[in-house]
Each structure stands twice: as structure tokens, then as C-alpha cells.
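Colleague: Residue strings, one per chain:
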Amino acid sequence: MLLGQQSWAFKNKPRIISTGVVGGPFEARGALADDFDILHDDIWLGQESFEKAEKKLLEDACEKAIQKSGKTKNEINFFFSGDLMNQIISSSFTARTLCIPYIGIFGACSTSMAGLALAAYLVETGGARYVLTAASSHNSSVNKQYRYPTEYGAQNPPTAQWTVTGAGAALVGLEGNGPFIIGATIGRVVDLGISDPFNMGAAMAPAAVDTIEAHFLDFQIDPSHYDLIATGDLGQVGHRIAADLLTERGIQIQQEKFTDCGLLIYKDSQQVGAGASGCACSAVVTYGHLLNRMNRGELKRILVVATGALLSPLSYQQKETIPCIAHAVAIERGD
Amino acid sequence: MSNEKNTELAAKQQAYQQFVKSREPKRPILANCIRAFIAGGIICTIGQFFQWFYMTYFNFTEITAGNPTAASMIILSSLLTSLGIYDHLAQWAGAGTIVPVTGFANTITSAAIEHRSEGYVLGVGGNMFKIAGPVITFGVFSAFVVAVIKLLVQRLGGF
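Chains as they are written, first to last, in numbering that gives the first Met the number 0: chain A, 0 to 334; chain B, 0 to 158.
Bear in mind the hints are in silico, worked out from the structure with no lab data behind them.
Each residue gets a CB set at the ideal place from its N, CA and C atoms; glycine is no exception.
Among these hints, one or two may not hold up.
Stated by the list, open to error - Here are the in silico distance ranges between beta carbons for each label pair: (1) A:ASP243 <-> B:PRO27: 15 to 25 Å; (2) B:LEU82 <-> A:ALA30: 36 to 46 Å; (3) B:LEU82 <-> A:GLN144: 20 to 30 Å; (4) A:GLN144 <-> B:THR55: 39 to 49 Å.
What the hints assert, rightly or not - Only some residues are given here: those of chain B computed to face chain A with a beta carbon under 10 Å: (5) THR55; (6) ASN58; (7) SER76; (8) ALA92; (9) ASN105.
Hey, can you work out the whole structure from these sequences and the hints?
Modeller: Written as C-alpha cells, this is what we have:
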């Protein structure tokens, strides 16, 4: 139910019944390889194009989540999904395969938590028994659309981030013994005038801070309430800025409790610039790594703040600055 | 209301941009220059080898050897691009791999490969010069302007 200005508190405690986490070859060599359900060793996934490969990633993640839950597709009421492709084709084409009533969502890299928050809200209010939510990105299809061709030899600055090839899906319902979704905060669009698409972390950091601040205010809690607060894909640059901005606003989060999905997924030796990014970044790290840590009992309560940069190649060329958003979802270990 | 210039926001944005500048890693300009010098130098040395090769083993003069040399470098660059090596070299070398003719070949080959999935006509044909296009457009126009200036100077009795 509505709490404060922009948050939902879920009293009926919707659960994440199961998840499906899929990655590509670069993720297989990364730091969290053990947390994936499926790892593909072919960047094309046997498809003719990168766009089709991304759709396959998303289909795999959704089918894995459904299979692990023991449910059938017919039992699932709704499917929320988003990605970074024009007209979110990966999601819509996956919905065509799944045949589950579908609403496409776009929140750039914040899509994972936007979807999870909406799914939890529908289940909480009785609007649905089971909702599947997913997000995907593919390094090459995203590069093709937003930047340069994959094989083009441009030198990336140290602030640039590496788009994750992968997809994460979660099935939300009231049954099972998965972790509870206890609350969510929907973010505002924040734009502090950064226009460099190779510095997304700095552009998105104020949005993350705005949402985190609103979350604590709405729930009347402080950072000690959580064992871990993970931002989506701020990378090294953005994460440091976010930590500084939070301190400036009087919110002290212990350094070891404050992390970023974009800093967790790859090894230092993989040279990904400032870190990882993409819709799949927060999706695979949350639904794979973080939930596994909760299941192992290492974490009791976490807050995931997925961050998204709402630009398009067109808006960038027209010299627009980058509007950013962040959505937060609080998750608590199940019994 | 949305048309009014929000001066408070503008000031906040400026302050934030200053704040970000102090916290982002700088581009290593000196290291990049040295790497570009080394990589560009190696590429030119390879080109020099091809020129020597065509002059020594085939009947080319120093001037006519230019064409087969450029063609050889373009083939080499396209090969490395299609094998997925050139972009990795470029991340290290920066301007060293962009400026020579190999960089130009890379822009065309990479775009052609990238858009193959949209078909040969609209995909490859329509997008091949996506990155190289501006270089050709402004290159040809600059050449035209320079030629006009040269002709005018000659007509006016210059050199």
C-alpha cells in the first residue's frame, strides 16, 4: 500500500518464487559465473543477429524461471518486461513466444526493479496470482544501437562502462519459500546536466541518491535497516559520487554495506572501464548473486536501487542532457 | 511553465558538473599520445615494408607503389577487423590505429559486418559509410575549396 509520497509497503509479502539468470561468454569468465543458471559460450547464441540473440537470452531466462517454479505458463497471469532495444523488441518478441498477457516497460537499466515493484504490487493487491518480470541486454546489440559497430576501433575513456550480455527473470507470487518483497520506491527523473554518454555513472548517481533518500523518508528507516544496499550500474565513478552525495545529505551508509551491481559482476582483469551496465546488469546480479547470498543466510534484508539513463542516440546527437531514474525494491529473506 | 528558464536548476547543474569533474578519472593523455606514436609508427613501418616489397619485386616506382601499398594495408585492416582483433588493438593504440588508412578501412568493414543482418542493400549498402561518410563528405568538400583557392591564386599571378 502507498507509504509516504512515492513508496509501496507490501503487507501480504509477495515472494520471489523462482528466478532465471542467463549470461554470455564474457559473463562466464566473470566474478559471478557460479550464480548463473545458464551460461552461453557463443555471443550469437546460434542466432543470425545480435538482436535475435538477445531475444533468446530473455526467452531462456523466462523459461528457466517458470521451469524452476514448477508452474506452467498458463498459470502465470501477467508478464512485465523491458530492454534497451528500440521499441523494446526483445521483450515483445519474448512475450510472443511465451503467450502470457504482457505489458512492455521501459526504464532503461532500471527496468529490472521497475518490473519487480509492479509485479509485487499486482500480487499484493490481488490483481494477479503470479507475475513474471524480466529484463535483458546484449553487449553487441546495445553497442550497435547506442554507440558504434562492435568491431569499430574507437578508444573508450576510463569512465565508459561495459554492457552486460544476459537476462534475468523473476516469478512473483504469494507461495513458496523464496525471499519476500517488502517494499518499493518509485523514482523521479533527475537530470543534473551530464551529456556525456560515456559517463553514465555520473549522470545516474543523483537519481539513485534521490530514490534512496525518498525510500528512507517514506519508510521512516535508516541505512542500518539493510544488510546491503546495491545500486544498479553506477560503476566506479558513479558509485563514488553517489556515496559522496549521500554523505552530503546526511545519509551515512557503511562502505562495506554499499555496493553496486556493475562493480560485482566482472573480475578486475576483464578491463571493463568503470564497470558494467545494461538492463541485465542489476537483473542478473540481483536475481542470481544477491538472492543466492540471501538463501545462504549471508544477508537478511537488502535494498536494490536499479538505475537507468533515459537517453536515446537521437537525443544525444541533438545535444540533450541525460535524464536518469532509479527504482528501489527492498527484499527480505524468506523462512 | 516548462518554457521558463529554471535558473535555480541551471546553477545546481553547473555545481554538479564541477563536482563530477573532480571525481572522474582523467583520460591518460600523455600515455595515449605515446601509445598512438608507437602504434601509428608500427603501422607506417609495415606500410613502408609493402612499398619496398612492391618496388623491389614488382615493377613499381616510388610513386606508383602507393596504390598497391594502400590496398594491402586496407586488406590487412579489414582482415583484422573481421577476425575481431582490430577493436582490441584500438583500445590500446587510440589515435595510432584510427588515423592511418587502416582506421578508415576499419570504420567501413566494421559497419558492413554490423549491418549484414539487415540485408545487403539496406543493411550493408546503406550503413557501410555510416562512420566513414562524414570523412568523405568533408574531405571532398575541403579538396574542392582548396582547389578553388589554388586556381584563384594562380589566375592572380601567384605561384
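Colleague: Could you run down the list of hints and mark each one as holding or not?
Modeller: A quick look at each hint next to the structure:
| no. | hint | verdict |
| --- | --- | --- |
| 1 | A:ASP243 <-> B:PRO27: 15 to 25 Å | holds (23 Å) |
| 2 | B:LEU82 <-> A:ALA30: 36 to 46 Å | violated (28 Å) |
| 3 | B:LEU82 <-> A:GLN144: 20 to 30 Å | holds (24 Å) |
| 4 | A:GLN144 <-> B:THR55: 39 to 49 Å | holds (48 Å) |
| 5 | THR55 | violated (31 Å) |
| 6 | ASN58 | violated (34 Å) |
| 7 | SER76 | holds (9 Å) |
| 8 | ALA92 | holds (8 Å) |
| 9 | ASN105 | holds (5 Å) |
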